[in-house]
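Listed here are the chains, written in short residue letters.
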Amino acid sequence: AQTVTQSQPEMSVQEAETVTLSCTYDTSENNYYLFWYKQPPSRQMILVIRQEAYKQQNATENRFSVNFQKAAKSFSLKISDSQLGDTAMYFCALNNQGGKLIFGQGTELSVKP
Amino acid sequence: DTEVTQTPKHLVMGMTNKKSLKCEQHMGHRAMYWYKQKAKKPPELMFVYSYEKLSINESVPSRFSPECPNSSLLNLHLHALQPEDSALYLCASSQWTGEGAEAFFGQGTRLTVV
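Protein chains in written order, with the numbering used here: chain A, 1 to 113; chain B, 1001 to 1114.
No lab work stands behind these hints: they were computed from the structure.
Don't take every hint at face value.
[Unchecked claim] Computed cross-link-like contacts, DSS-like style, restricted to lysine-lysine with a CA-CA straight-line distance of at most 27 Å:
| hint | chain 1 | residue 1 | chain 2 | residue 2 |
| --- | --- | --- | --- | --- |
| 1 | A | Lys100 | B | Lys1040 |
| 2 | A | Lys73 | B | Lys1041 |
| 3 | B | Lys1040 | A | Lys73 |
| 4 | A | Lys100 | B | Lys1038 |
| 5 | A | Lys112 | B | Lys1041 |
| 6 | A | Lys112 | B | Lys1038 |
| 7 | B | Lys1041 | A | Lys78 |
| 8 | B | Lys1053 | A | Lys100 |
| 9 | A | Lys112 | B | Lys1040 |
| 10 | B | Lys1036 | B | Lys1022 |
| 11 | B | Lys1041 | A | Lys100 |
| 12 | A | Lys55 | A | Lys78 |
| 13 | A | Lys100 | B | Lys1009 |
| 14 | A | Lys78 | B | Lys1040 |
| 15 | B | Lys1036 | A | Lys100 |
| 16 | B | Lys1041 | B | Lys1022 |
Bound-form chain B, shown alone (with noise of 0.2 Å):
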């Protein structure tokens, strides 16, 4: 099973909002990853796991929640969010954060804030 798993593919959400991303793997990975990514444009990352705890947090607004409850799973809680906020959101993980690591990626959440 080589697959990253996101849900929902699809979230229109209000600004006063509260709503969850998951993501899910089962290879084993000890790392995992937030990006957000705008149309056309590369991925950007937003948060970083490695082994359960938070490792990088690239100066992320705190309407964006990360939690790791445990090595397979990774969710990103959403509060008042603004409408610049609208923008596909992967997930990845690899097997660690070190060098050279292939990261696999999920389909993505496609979000809409109204």
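For reference, chain A alone in the conformation it holds in the complex (with noise of 0.2 Å):
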């Protein structure tokens, strides 16, 4: 069975401070993607960043970027210089052949002015 589990319900941060959210998984597959994605109160889910995990170099995307640790199964995301529109609930998610999204259960960041 796949799995994605965040550990971190809630978390703050000042705004232009760096922020990290965790993320472990557990798949049996080779080959697999790994996302982050952002949900604004506004409600629509928007791709963050993602991962293939043959790839060993970590994905950035302007102030995000990841640390995926394969072998540990870990795949973080940092916010730098958080801004107060990056407060929303994140979700890790892991995709592989068929179309499954399987999603964590989510981290509610909070940036404060």
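Hey, can you piece these two chains together into the complex? The hints should help.
Structure follows, in structure tokens:
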């Protein structure tokens, strides 16, 4: 069975600071993808960043970067220079053949002014 | 156009009503999905359509009936729902159902069953 675990239900960070959200997963597949999705109060899920399991290099997208530790099955998200608009629910997700996204329980991030 | 459009945004229905949720995308995606999401919980996959054919049904009760009339449209027909079916229903699409395909989500329909 494939699982995704986010152990931090809530986190807060001051504006302009850096925060790291944790995610661990379990899969027996050799090839898979990992994602971080953001869901603000507007409800729309938005892809933040994507990592291919066979790529060693950690993915980055502007202020967002991941620390992908394949052996440890860990996939954390670092948000630098946090902005008020980063306030949202963040979901870590695992995807392989078939199109099924397996989500973690989510981390609710509040960015405080 | 990278939008997935869902209508209506809000829906209140009685347990004896029949209603439909609609989803539309014009990105040429060949995979479309319905998810159900309770407050502060992750989305739960309900159905997957690939090339207009139902490829995954996650043991969803028959009171939910999906339909994919063409590659751009996805409907979810609702009948005899229960109050516990109240939730946010999210539609998503992706280029294909293979690993790594980015899913684009709509804003959802907030459904309340009374």
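Verification of the supplied hints:
{"no.": "1", "hint": "A:Lys100 with B:Lys1040", "verdict": "holds (20 Å)"}
{"no.": "2", "hint": "A:Lys73 with B:Lys1041", "verdict": "holds (22 Å)"}
{"no.": "3", "hint": "B:Lys1040 with A:Lys73", "verdict": "holds (25 Å)"}
{"no.": "4", "hint": "A:Lys100 with B:Lys1038", "verdict": "holds (18 Å)"}
{"no.": "5", "hint": "A:Lys112 with B:Lys1041", "verdict": "holds (23 Å)"}
{"no.": "6", "hint": "A:Lys112 with B:Lys1038", "verdict": "holds (26 Å)"}
{"no.": "7", "hint": "B:Lys1041 with A:Lys78", "verdict": "holds (22 Å)"}
{"no.": "8", "hint": "B:Lys1053 with A:Lys100", "verdict": "holds (15 Å)"}
{"no.": "9", "hint": "A:Lys112 with B:Lys1040", "verdict": "holds (20 Å)"}
{"no.": "10", "hint": "B:Lys1036 with B:Lys1022", "verdict": "holds (14 Å)"}
{"no.": "11", "hint": "B:Lys1041 with A:Lys100", "verdict": "holds (17 Å)"}
{"no.": "12", "hint": "A:Lys55 with A:Lys78", "verdict": "holds (18 Å)"}
{"no.": "13", "hint": "A:Lys100 with B:Lys1009", "verdict": "holds (25 Å)"}
{"no.": "14", "hint": "A:Lys78 with B:Lys1040", "verdict": "holds (21 Å)"}
{"no.": "15", "hint": "B:Lys1036 with A:Lys100", "verdict": "holds (14 Å)"}
{"no.": "16", "hint": "B:Lys1041 with B:Lys1022", "verdict": "holds (23 Å)"}
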